[in-house]
Amino acid sequence: MRQSLQLKMGQQLTMTPQLQQAIRLLQLSSLDLQQEIQEALDSNPLLDVESDISDGGADGKAHNASSRDRDDSQQETSDVLKKDQLPDDLPVDSSWDDTYTSSTPASMTSGNGKSFDGEMDVYQGETSETLQDHLLWQMQLSHFSDEDTAIAEAIIESINDNGYLTSSIDELVDAVGLDEVGQEEICMVLKRIQHFDPVGVGARDVAECLTIQLQQLVEESPLRTQTIELVQQHMELLGNRDYRTIMRKMRLSEAELKACMQLIQQLHPHPGEQVAQKPVEYVIPDVSVVKKQGRWVVELNPDSVPKLKVNEEYAALSKAAKSEADCNYIKSHTQEARWFIKSLESRNDTLLKVANCIVQRQQGFFEYGEEAMKPMVLNDVAEAVEMHESTISRVTTQKYLHSPRGVFELKYFFSSHVNTEAGGECSSTAIRALIKKLVAAENRAKPLSDSKIAELIAEQGIKVARRTIAKYRESLNIASSSQRKSLL
1 MRQSLQLKMG QQLTMTPQLQ QAIRLLQLSS LDLQQEIQEA LDSNPLLDVE
51 SDISDGGADG KAHNASSRDR DDSQQETSDV LKKDQLPDDL PVDSSWDDTY
101 TSSTPASMTS GNGKSFDGEM DVYQGETSET LQDHLLWQMQ LSHFSDEDTA
151 IAEAIIESIN DNGYLTSSID ELVDAVGLDE VGQEEICMVL KRIQHFDPVG
201 VGARDVAECL TIQLQQLVEE SPLRTQTIEL VQQHMELLGN RDYRTIMRKM
251 RLSEAELKAC MQLIQQLHPH PGEQVAQKPV EYVIPDVSVV KKQGRWVVEL
301 NPDSVPKLKV NEEYAALSKA AKSEADCNYI KSHTQEARWF IKSLESRNDT
351 LLKVANCIVQ RQQGFFEYGE EAMKPMVLND VAEAVEMHES TISRVTTQKY
401 LHSPRGVFEL KYFFSSHVNT EAGGECSSTA IRALIKKLVA AENRAKPLSD
451 SKIAELIAEQ GIKVARRTIA KYRESLNIAS SSQRKSLL
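In terms of the numbering used here, the sequence shown is residues 1 to 488.
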């Protein structure tokens, strides 16, 4: 075999600490983000909150004088901030975002101390969901055949709270109970579920869980191959901290082994914990939608998070620093403050972009209600805004929209489709709304059966199986017709 050296040009994503921060902020709810901002303000003296100060009276004069001082200091600070210029956009849309999560406990008050008036409601309700709920939601928005859906449901039921599969493949074959379903079909569906959010869920052991997450990285990622080999073949040695044996067997240097371990530390050995069930809590809308001049307009909620700035007066002190250590401290914290602000701006831009797409596609809902909801899956929005489906899932989870019809989590607007007789599609959410409407108007002495509800909906051109009606009815916590009659 002839060996040779070749040069190859290409692009790859470098996971810098700044990009990690931007991706993590993107996933946080408003309440979690407020706490994150407060912690950043407490730890970085160069980060400050912009305050609204009027220009009148003595306060206005003091503010003007302070502004002139800041203008002078900004010129002096420009040299400090020339290095490490921030990019126009942060590439928060990448498969890397599957390895980060929000685990910060939510605060029950606003980080900026502001109260909320009637123009922007604060919604109180259940925001908790189990891991199984989260996986079933993604399954319903994915393209599965009826057979694969039955397999997926059996797999999801066998996943514990930590995210691991507790049943063997043979046990899953028996659980599905279909003659045409064997081990091969089970494994194919399991592989798809293992790439749901959170990535690695459904793994059978830690090695498989970490391998799945590592395989999400671009192939050119440094030491990706070596790290996969490490978790697949040497987990016992790693657990025993037998680093010398690992380096000898894998022919790694100490620096390379440390880099592999740092990469592993960014992964989640218990992916299910990322979707922890939370108690009832307050939520603050991230965006609002209002109708202006006949158009639905999406706006960010200015009260959801405080507006930040770099304290230019402190930043300018680097010129007068008495020691190199003081100068470096000011410079590094100034740059950290600018990156944090840029990450917040990136989060807002991405959130607004996705919310605009959702509102544009669901205008019928805002005009007429649930019955006008259109079917929409993650891929529809992902293609429209040119982002990954996993990014859309994270952006729409624990992010809330305030509208004239109430406050809704963004993921509420996604639903699977049901074919109509005219060849079109109807949203499953719209069908649920029809079921609620029919049950609310039924004769209490003679409640509608699932078959009768299916017939009435079919008269509107929507053909739905009786078992599907039963499934939707149960999801709405509506009792069966016999139970509703007995409750009279």
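Rather than coming from a laboratory, the hints here were simulated on the basis of the structure.
Careful, some of the hints might be misleading.
As the list claims (entries may be wrong) - Quick list of in silico lysine to aspartate or glutamate cross-link-like pairs, EDC-like style, CA-CA up to 20 Å: (1) 331 with 349; (2) 307 with 326; (3) 374 with 425; (4) 437 with 474; (5) 331 with 303; (6) 353 with 312; (7) 463 with 389; (8) 191 with 133; (9) 258 with 273; (10) 437 with 367; (11) 353 with 389; (12) 307 with 324; (13) 436 with 371; (14) 437 with 349; (15) 436 with 389; (16) 446 with 425.
* Asked: Does residue 353 pair with residue 312 here, judged by a C-alpha cut-off of 20 Å?
  -> With Cα atoms ~31 Å apart, residue 353 and residue 312 exceed 20 Å; violated.
* Between residue 331 and residue 303, does the CA-CA distance stay at or below 20 Å? -> violated (30 Å)
* Pair hint outcome, residue 436 versus residue 389 [Cα-Cα no greater than 20 Å] -> Between residue 436 and residue 389 the Cα gap is close to 31 Å, so the pair fails against 20 Å, i.e. violated.
* To do: Could you grab the alpha-carbon distance between residue 437 and residue 349 and see if it respects the 20 Å cut-off?
  => Given that 20 Å is the threshold and the Cα spacing comes to 38 Å, the pair is violated.
* Does the alpha-carbon distance linking residue 463 and residue 389 stay inside the 20 Å limit? -> Not OK: residue 463 and residue 389 at ~29 Å, beyond 20 Å, violated.
* Given pair status - residue 425, residue 446, alpha carbons within 20 Å -> violated (31 Å)
* Asked: CA of residue 437 to CA of residue 474, is that 20 Å or under?
  -> At roughly 15 Å apart (the allowed maximum being 20 Å), residue 474 and residue 437 satisfy the hint.
* Take a quick look at whether residue 307 and residue 324 sit within 20 Å of each other, Cα to Cα. => Violated. Residue 307 to residue 324 sits at ~31 Å, over the 20 Å cutoff.
* To do: Would you check the hint for residue 307 and residue 326, treating anything up to 20 Å between C-alpha atoms as holding?
  => violated (27 Å)
* **Distance restraint between residue 374 and residue 425, which requires alpha-carbon spacing of 20 Å or less** => holds (8 Å)
* Quick one, are residue 191 and residue 133 close enough, alpha carbons at most 20 Å? -> At roughly 19 Å apart (the allowed maximum being 20 Å), residue 133 and residue 191 satisfy the hint.
* Asked: Going straight from one Cα to the other, do residue 353 and residue 389 come out at no more than 20 Å?
  -> holds (14 Å)
Going down the numbered hints, you'll see the structure goes against 1, 2, 5, 6, 7, 9, 12, 14, 15 and 16, while the others check out.
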